[in-house]
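Novice: Sequence:
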Amino acid sequence: MSVLGMLLPSLELLKLEYNAAWGTQWATTDGGFPRLKFLRLRSLNVEQWITCSSHFPSLQHLSLEGCRNLREIPSSLGDILTLQLIEVTFCHFSVRESVRKIKEEQESIGNNWLKVLIRKQPWGL
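Plus 999 on top of the position in the sequence shown (first one is 1) and you've got the numbering used here.
Since the hints were derived computationally from the structure, they do not count as laboratory data. This one's a predicted model, so the numbers in the text were calculated from it and none came from an experiment. Check before you lean on any hint, since a few could be wrong.
As the list claims (entries may be wrong) - Taking lysine-lysine pairs in the DSSO-like style, the calculated list, with each CA pair at most 27 Å apart, reads:
1) Lys1036 x Lys1100
2) Lys1119 x Lys1014
3) Lys1119 x Lys1102
4) Lys1114 x Lys1036
5) Lys1102 x Lys1014
To be verified - So the derived label-pair ranges between C-beta atoms look like this:
6) Pro1056 x Lys1014: 13 to 23 Å
7) Ser1107 x Asn1018: 21 to 31 Å
8) Leu1007 x Arg1099: 31 to 41 Å
9) Phe1092 x Ser1009: 28 to 38 Å
10) Lys1100 x Leu1006: 28 to 38 Å
11) Ser1009 x Ser1093: 12 to 22 Å
12) Pro1008 x Ser1107: 33 to 43 Å
13) Gln1024 x Asn1111: 27 to 37 Å
In this text, a Cβ means the ideal position worked out from N, Cα and C, and glycines have one as well.
Make a model of the complete structure from these sequences and hints.
Specialist: Next comes the structure, spelled out in structure tokens:
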């Protein structure tokens, strides 16, 4: 998937839905998405996301919806200075907890610009 970012270095919006990512692991690389501002992951089968803040240096908005197999959001995403909002909808409890932890870590060092919006499913997964 990072090849996409290298082929489209000016890409600012990326929506990955359903079968857009193959396999259970998604690993990004340095310089893969240098100008990406909005990333939406929806209903992917990914269980593990391996990334760091330098892979998405311009990211402002991260949206995850229905990624029921994903177990956490990498804590390094909290270090993206441009990140303003993380939205989590219908994702596993552990993903919601990892987002809360990122927010708490950022607040503990005085970074209060990050907003988090969590919507959980009514059946409580």
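Novice: Which numbered conditions among the earlier hints are violated in the structure presented, ordered from lowest to highest?
Specialist: 7 and 11
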